[in-house]
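A.B. asks: Protein chains in written order, with the working numbering: chain A, 1 to 621; chain B, 1 to 504; chain C, 1 to 104; chain D, 1 to 502; chain E, 1 to 172.
Hint data in this document are derived by calculation from the structure and do not stem from the laboratory. For each residue, glycine too, the CB sits at the ideal point set by N, CA and C. Wrong hints could be hidden among the right ones.
Footprint (simulated), chain E over chain C, 3 or more residues, beta carbon under 8 Å [to be verified]: (1) 6-18; (2) 38-44; (3) 76-83.
In case you want the letters, here they are:
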Amino acid sequence: MENAWLIPLFPLLSFLLLLLIGKRLREASAYVGILLTLASLVFSILVLFERFSEPTYMAKVNWLTIGEVHLTAGFEVNQLNALMLFIVSLVSFLVHTYSKGYMQGDERFHVFYAYLGLFTFAMLGLVISPNILQTYIFWELVGVGSFLLIGFYFYKEEAKAAAKKAFIMTRIGDVGLFIGMILLFWQTQSFEYSEIFKAVEAGSVSNTMITLTAILIFIGAIGKSGQFPLHTWLPDAMEGPTPVSALIHAATMVAAGVYLVAALFPLFLASKTALLTVAVIGGFTAIFAASIGLVQTDIKRVLAYSTVSQLGYMMLALGCGGYVAGVFHLMTHAFFKALLFLAAGSVIHAVHTQNIEEMGGLWKKLKLTAPLFLIGTLAISGVPGLSGFFSKDEILVAAWEGGHPVLFLLALIAAFMTAFYMFRLFFMVFTGDARSEQRDVNESPSVMTLPMVLLGILAVVAGYINTPWFGSFLGDWLVDGNPILGAAHIEGPAWIMIAATVVSLAGILFAYFIYGKRSIAPDWLSGKGDMLHTVVSNKYYIDEFYQMTVVAIVTGFSYFLRLIDTFLVEGIVKGVVGFVQGLGRTGAKMQSGQVQTYGAVAFLGLAVLAVIYALTGGYLR
Amino acid sequence: MSLETFQQLNWSIMTPEFIILGVIAVLVLCDLFMPKTLDRKILGWVGIAAVFAAMAATAAMVGGPVQSILHDTFRIDSFSLAFKLLLLCGGVLVLFLAVSYEPKDGVERYQAEFYYLFLAALLGAMVMTSSGDLITLYIGLELLSITSYILAGIRKFHLQSNESAMKYVINGGISTAITLFGMSYVYGLTGTTNLLEMANKLVTLANSNHVYLLTLAFLMLVVGLAFKLAAAPFHMWAPDVYQGAPTPVTAFLSVVSKIAGFVILIRILLTVFGFAATKGQGSMPILYDMQNYLAVIAAATMIIGNVVALRQTDIKRMFAYSSIAHAGYLLVALTSLTTNMFDSIWFYLLAYLLMNLGAFAIIQVITEKAGGTAIADFAGLYRRAPVLAVAMGILLISLAGFPGTAGFIGKLNIFLGAFYAEPAHYVLASIMIATTVVSYFYYFGVMTQMFFRPPADDSKLNIPFGILVVLIVAVVGSILLGIMPNIAFDFMQNNLDIIGDFFK
Amino acid sequence: MSSVPASAFLALALILFCIGLYGALTKRNTVIVLISIELMLNAVNINLVTFSKYGVSPSINGQVFALFAMAVAAAEAAVGLAILMALYRNKKTVHIDEMNEMKH
Amino acid sequence: MNLQSILSILVFSPLLGIIVLAMLPKTQEKAIKAVGFLATLPPLILSFAVYAHFLAGKSLSDFSVSVPWIQFHGINAQEPIFSVSYELAVSGFQLVLVVLTSVVSTLAAIGAVTFIKKEWKGYFMLFLLLVTGMLGVFTAENLILFFIFFEVTLIPTFFLIGKWGYFEKEKAAYSFLIYNGLGSAVLLIVIMILFAKTGTTNIELLKEIVGDPSGPLSADFKLGLFIALLVAFGVKLPIFPLHSWMLRVHVQAPPSVVMIHSGILLKIGAYGLIRFGMGIFPNQFEKLATLIAILGLINLLYGAFLAFIQTDFKMVLAYSSISHMGIVLIGLAAMNEAGIQGAIFQVVSHGLISALLFFLVGVLYERTETSLIDNLGGLAKGMPLAAGFLLAGALGSLGLPGMSGFVSEFMAFLGLFKVQPWIAAVGTIGIIMTAAYLLRAVLGMTYGRAHREFDGVLDLRGVELVPVVVLMLLIVLIGVYPSVLSSPLQATLETIMLGLGG
Amino acid sequence: MTFSGEFFAFMALALVAIIGGVLLLNLNKVVHMVVALIFTFVSIAGIYILLSAEFVAAVQVLIYSGAITIIMLFGIMLTKPYDESEATTGKWRKILVFLGVLGFAFAVYLGIYHLDIQQVPTTLHEDNTLQIGKALYSKYIIPFEFVSVLLLVALIGAIILAKREDKEGDKE
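Model the full assembly from the supplied sequences, consistent with the hints where possible.
C.D. replies: Pasting the structure below:
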């Protein structure tokens, strides 16, 4: 565990190597990336297993001195961190492998791998940070990795816009984190998580301050995890290559928000208001995004909204005090959503389109991808037996037991919607007839399918490490030594599980009738002119709203300042210059060449001085 | 006065004046008897030699005791020595310019006159430095003025030169009358023409009526002498005269004549009005009472000079305004009336002498070549003659008062005095600094022409020997005094005690 | 003593000075301008001579000063006129307001 | 070699280059370029030597030199109190800036080889004079000497802008001259008043005299002087509304000059505020801290918002400089270690980043003859290296962790949040805006579709890579391991804090 | 103040002097102006006599009424003045100058009017010329000598400036 700090450095090395010599390596770049992430993965697994038996390990060195204050850098391996290390390095490794096939032939192949390396480095760094400052540092770097990868196809205007949007939207959230972090520092005199928790526990921080900082930090999480109202970047981020979507926008980075809240959970626990905020935002986002997901036609966008929705779920869990539930879902979601994205990538790879209305009947053509996609879909829909079922159940229980029946209801509806739109997706893509000409549709190479298989397995089995039936191994481990984080497993009424199952099956059936059997006309869901449909398919006009308010205000204000700059600032300068020049002009004009004028001026000067003296200082004194 | 007493007088203290006087006589005679065909330039070199000799004679007296003959009508003190040296320096450099002066329809026919008129003017200025008597001062002043009138008009076939001389003589006449009017009151209220006696009498002055009249006389003197300084309100002649006069004469007017103006102004103001009490013995002297008036004049001078210079397209006119501005700066030092005033005025005049004469040397070369005096004639000088352009650049920078040059140290010294004085002259000094910034515009305007603009013609310029000498002295001096000003400061400090002349 | 007070002489000088000044600053003919300047100098001489007799400690110095002033004034007048001659040859005018070759 | 003479050699060694250049004929292009570049090396080597000396744990005061120089005689009887010495010294803070200066100068000299197309001789002579001036500014130990070097930087810069700049170069040169002239005029007033009232310009002595409440200066008077100082350095920094000259300069001056200008000359303002404003007038600074914080805030936001709508990338960078200098002010206004250190970090960091960005803009302009964002686009295709570094530089500028910009921004805000949380909170809008305008501009140029074909546009190559890579490495070094910068600063900070505490 | 002969003499002389001056300002023909001024100069000489300065009075007549007036007349003759044309500029200047003159005169007159100087008997009228001579040749010898230089210079200057010669004159 002492060497856990090496884990992030492997991908960094990959990044640097590829940056320097990637151009010469060409396709071989992939091996550099794959091998180095494999190294990370191996170390992560070792660390994870070590952590099962050993206590939390932490090491730090002095990073920056500010007067009396010494800011440190270091790493910490606690349960959450070890788990995240494992998840991140695993998914990253798989995506690295997958990309070898997916990105084949791209002329900037090595750049892609370099960026992946940078991102993986940042993400791994993020999850082993022992203090919030370091977390913030990697938090931003992760954002950059994401930004670079979204904008990988830089020549596409959409990619450019999406990358920019992703960076700026998340940055808005980051500023919240930034302020929260600094305020917290001045309250607790430290950035260290442990010190912060100590101070919070000791009650040396006022309640208002805790609420304020927690909410500010949560704003950071909102930005990263695409929660309402900063969610709009995430669907747009699908402009990036699909493996990227799988890695960053499904499994790891977007989950960083959840991770952050989890990592600072004691802080949130100290403020009811903050927790409630988290829960409400999470719950709302879950259903909100799911509703948009119902009508999207782009395969990746559907998945993106599903991600947003699932992240909302996790937030809801945390907000309701379900620490274990949140983290558990974070893990399972990482697996099945990565699987879904990779499978979607495989589909796109095969048919060269992302519009599901142009797909169909691919079940027979993609013999491996299709079942894997189905596994993912089943998992996310919460069909019993698969991982998603268990984690979702945990969340529902947490919400119910946490005393938020409204949120519970929202979550249930969201679960229904999830099942519905996921199977809508599945049926539209894989069943029925091909809706457009599809030539040369081939199964992806094994370098792409193998990672998917592995993820498929995990998507099925990962749930079993924390079940009400076979024991809550994960929960026990996670809260071990930290009772403050809550119970390892929340006992809920049995009907919740049944309700969840019923709801998801209902969603699946409903989708089957509409898109699979087509016994119900989908008109009301795709009907033109239907106002509700229009609103939803335009994502509730949130983008437009931002465009009209925030962007317009900023631009308008800028133009207003430009007016000030040109007229006021420059105007004053011009005025002064003009005055001096005018004075010069007058002076030069007086210099008329008339010698008597010269004498007259001189004499008048004398006369004026004399009269002034006579009247003021002299005789009449 | 018997011959005996006549011989007993210590005439040796007048050696520098005698040298110049003698050489004037020699030159007049030589000019008469030399064949017409012979080049008169040799006479110019003789003149230069004479000034050097006078300089040596003056320098030999430095550090000596105060000596005076004939009721202070001639007086050698530190003040006179310090400024006489300046005048001689200026004089010799101007003569170097004069021997290199060869414009179209210039002064070929009157070359010899040209030289000895310069010497006569210089003599007038020298007399002014070493006199403690109103009459001698007046005669010196007039010797300088009248000679200058002639010099300004010596290019008699050149309309601008005629006009310049005419304007000069008319304004000069008015200024003389005003000055003299003031002097007459000063004389009347003291009954003597000896400045020191005047001071003795006025130190107990209490009659408010007398004070009133004396103060009016003070104003008349200041305004009248402002003519010589080219300071407001008597500054307007300067641009026209400078423009029309032959370039060496312009240089002479802007430097030597101005120094002389300061000499007489300081001499009269400090000796007479610095002691003339306003309300009986021990009360505030008139000079201090009138500080605000001086300040107004100084401020007006700086503002007018710098601001109007912005509009100029003629290099000589521009330098006229610049010289007005510099007079303003010097008046700031005079206004602040601190004990380092002499040092700062002297140093500034020295710096000004170097940088202005250097600049005029280059102006002379350019205007002779171009046949006109437009600033645009400087276009592309850097291409045509890089050395000249760089030298001009350095001199302009010094005039603008940038560090590393004598002009900066000079200004620094003036500021120091202005801020040190009680009460400190914040407004005046601020005006000075602000107008200095305004001056960057026109000084750098010339730079723009020299360095940024393409030349109108690519013909090379040849630099006559005299010009070269002036340039080397000016540039080296400007930089040396900018980097090691203590050369000059220590000279003043160790050898001369001007304050003692006035206040001991 | 005198039945005419010193201030009367001084006032006369002042009036003449002002007349001279006014003339010098307003007359168009350059010769008149030069003469006006002479008048101003004359006024000064009256002052000097008056003070020589009625000043604070009277002395001959004032008269001597006046003599010097006269000599100088004469020289100045001569030079002024000579310059006018030279100018006249080139410009053919004695009108002072036409001497505006150089301005602004 | 005598340690005391090292600083003098450091400062004046570029003059040697001038002399050599003066003797070279104009036609020897290669030799001129070589000499111009080589002459920047002695300061570079020496400054690193001094830094090494510091790292070795030895005192920086070993380098202090003080030689009597000018005595202004006669002003008062007790002689000679009005004297100015030739005093050079480095503290940690100064050392950092000297190193920055020598590094950027050397890189700018390399840049000049690329960017300057004519009259290298004159260019390099002026450039080396400028280098001397800048080094002198940061090592001068008394105000007069400081002022002298300060003004020495003005003249070469004027010519460098006016002769080698772009279309409106003369206008830019003039507005540079006049604004800075006015600024230095105000500075001179302050310096001379201090000199006249206290009899010294030595900074350390002045600290004592001014700090002494029974000293020769009244409290109001000191406040007035401090405000004047703020204005003087405000022009240089520049503080709104004294900034318009700087925009012109940044757009019109040749890139290698802008590297220096934006990289170092602007920093003189910050240096002056810290060293003199804070050093000599700590109490006055404290009194006006809120005002300064607000000024900083205005700068930060004003620059950011205006940068957001510029069409010329150079203008974006120019306004971004204004914005970043706002962070310096914010940091200073915090009046605590974090804030001040943040401000100093920002000074260095912005020096490096803006040098990098302006170098890259210069290259882009060279290749495409435009710097208008709308005319460019998709450059990453033709010149991936340039585009990549541009993006990296922009990321550094917007405060990406791992690069120097973040550390400074973080500390400045950290400091201000302690004392003025509301102002700081509003200031964070600037962080968002910075990202917005920089990405808008940079992505507009490098990403997306190419708006016109750039046939045969060359990427960064050969010698051009040197400044870019070196600057990038330094930016990352400071970002990753800020102690390289913070360790020399500790002593300075302690002194400043002592002044503030007292 | 008694109405002595001296008083009447003063009044008469002063009146003539001032009238001469006023005529100078108001006459149209240049020659007339100069002639008017001769009256002023002569009466000033009279004033000098009243002030016991016989020598100065004599010199006044010689130099001003004589020499200067004559050369001025020569000047007028040589330059052929045409005074019929009206000045093109200067209406405002005249008014301003007039006001300035008034103001200046007012300020100075305030001083003169109240001037009270204790009169002391003088011996200026006794051997006036001798006294002047003594002063000139002892105390004021230096300025006296410099005046001679001045006159010499003025002489030469006047000659070279006024000498009529052809531009290309001596090149042949």
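A.B. asks: Each hint: holds or not?
C.D. replies: Consistency of the hints with the structure:
Evaluation of the coverage hint for the region 6-18 of chain C: fulfilled, as 11 residues show C-beta separations to chain E shorter than 8 Å, against a requirement of three. Coverage of the region 38-44 of chain C by chain E holds. Counting CB-CB distances below 8 Å, 3 residues qualify, and the rule asks for three or more. Here the region 76-83 of chain C counts 7 residues with a CB under 8 Å from a CB of chain E, which clears the bar of 3, and the coverage holds.
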